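These protein sequence lines are chains E and L, in that order.
Quick note: my numbering has the first sequence finishing at residue 115, numbered continuously throughout.
Quick note: my numbering has the second sequence finishing at residue 1037, numbered continuously throughout.
It is possible that part of the hints are untrue.
What the hints assert, rightly or not - Pulled from the structure, derived: some chain L residues nowhere near chain E, Cβ distances all over 10 Å:
# : residue
1 : V928
2 : V967
3 : I1003
4 : D1030
Unchecked claim - For lysine to aspartate or glutamate, the following EDC-like pairs were computed, each having C-alpha atoms within a straight-line distance of at most 16 Å:
#  : chain 1 : residue 1 : chain 2 : residue 2
5  : L       : K981      : E       : E10
6  : L       : K1007     : L       : E925
7  : L       : K966      : E       : E46
8  : E       : K107      : E       : E20
9  : E       : K107      : E       : E22
10 : L       : K966      : E       : E43
11 : E       : K75       : E       : E43
12 : L       : K1007     : L       : D987
13 : E       : K61       : E       : E46
14 : E       : K64       : E       : E46
15 : L       : K981      : L       : E968
16 : L       : K1002     : L       : D986
17 : L       : K1002     : L       : E992
18 : L       : K1002     : L       : E942
19 : E       : K107      : L       : E968
20 : L       : K966      : L       : E1009
21 : L       : K966      : E       : E97
22 : L       : K966      : E       : D88
The hints are simulated quantities; they were obtained by calculation from the structure and are not laboratory data.
Quantities reported herein were computed from a predicted structural model and do not represent experimental measurements.
Ideal Cβ placement from N, Cα and C applies to all residues, glycine included.
Chain by chain, the residues:
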Amino acid sequence: TQLLEQSPQFLSIQEGENLTVYCNSSSVFSSLQWYRQEPGEGPVLLVTVVTGGEVKKLKRLTFQFGDARKDSSLHITAAQPGDTGLYLCAGEDSGYALNFGKGTSLLVTP
Amino acid sequence: EPEVTQTPSHQVTQMGQEVILRCVPISNHLYFYWYRQILGQKVEFLVSFYNNEISEKSEIFDDQFSVERPDGSNFTLKIRSTKLEDSAMYFCASTTNGDQPQHFGDGTRLSIL
Chain E
6 TQLLEQSPQF LSIQEGENLT VYCNSSSVFS SLQWYRQEPG EGPVLLVTVV TGGEVKKLKR
66 LTFQFGDARK DSSLHITAAQ PGDTGLYLCA GEDSGYALNF GKGTSLLVTP
Chain L
925 EPEVTQTPSH QVTQMGQEVI LRCVPISNHL YFYWYRQILG QKVEFLVSFY NNEISEKSEI
985 FDDQFSVERP DGSNFTLKIR STKLEDSAMY FCASTTNGDQ PQHFGDGTRL SIL
């Protein structure tokens, strides 16, 4: 099983600040997916990145896949309290099974 | 938007009892998955299912676990003789094609006493 390390583990910021969270592995992934999970709910897909160097934007969220397809980052501009949640990255392991990182728990306070 | 639905939302069971967790995947999806998340830990893959058979399973998915698609809509996970360490959130996911993003249900919280 390929390990996905996410950092930081916890992040508490004020509304309006920018932040970046990271997902790193020593292994190459064919694709990486970012999910957001809220307490008591299942992970909700935000984006899939496939091509090395790819950048995808989802409103104030910018996702980047590393050139070597071993790492990815999520940047949030002008964070809002509604962005609070657990951000998970996941890559396909053997077959189609998803291998998740432990996540970054983000708290945005007004 | 179509979604994966799971029942019950919370299941409390005595250790040693059998439990069945139910999932209704999105209707045109063909690949089905079970994952679990022990409190404070990461989401872990259990099993994948396609064309009425298991296509892949993890080390966690031992002989105490089984999956079934008893009809055209439900996908179930059975744990034969539950242990305390089976306490976790269990998530069902589905997708149209194996390499497409997986859509998750809101999970069943299983508590073993």
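Results of checking the hints against the structure:
1. V928: violated, 8 Å
2. V967: The claim is violated: L/V967 sits with its nearest Cβ about 4 Å from chain E, within 10 Å.
3. I1003: At roughly 19 Å from the nearest Cβ of chain E, L/I1003 sits farther out than 10 Å, so the non-interface label holds.
4. D1030: violated, 5 Å
5. L/K981 - E/E10: Given that 16 Å is the threshold and the Cα spacing comes to 23 Å, the pair is violated.
6. L/K1007 - L/E925: violated, 36 Å
7. L/K966 - E/E46: Within the cut-off at roughly 14 Å; holds.
8. E/K107 - E/E20: Judged against 16 Å, a Cα distance of about 24 Å means the pair is violated.
9. E/K107 - E/E22: violated, 23 Å
10. L/K966 - E/E43: The given pair, whose Cα atoms are some 14 Å apart, holds under the 16 Å limit.
11. E/K75 - E/E43: With Cα atoms ~26 Å apart, E/K75 and E/E43 exceed 16 Å; violated.
12. L/K1007 - L/D987: At roughly 13 Å apart (the allowed maximum being 16 Å), L/D987 and L/K1007 satisfy the hint.
13. E/K61 - E/E46: violated, 25 Å
14. E/K64 - E/E46: violated, 22 Å
15. L/K981 - L/E968: holds, 11 Å
16. L/K1002 - L/D986: holds, 11 Å
17. L/K1002 - L/E992: The hint holds at about 8 Å.
18. L/K1002 - L/E942: With Cα atoms ~7 Å apart, L/K1002 and L/E942 stay inside 16 Å; holds.
19. E/K107 - L/E968: With a Cα-Cα distance of about 10 Å, the restraint between E/K107 and L/E968 holds, given a limit of 16 Å.
20. L/K966 - L/E1009: Holds. L/K966 to L/E1009 sits at ~15 Å (cutoff 16 Å).
21. L/K966 - E/E97: holds, 15 Å
22. L/K966 - E/D88: Not satisfied, since the Cα-Cα distance of roughly 20 Å exceeds 16 Å.
Figure legend: structure checked against the earlier numbered hints; hints not met, in rising order: 1, 2, 4, 5, 6, 8, 9, 11, 13, 14, 22.
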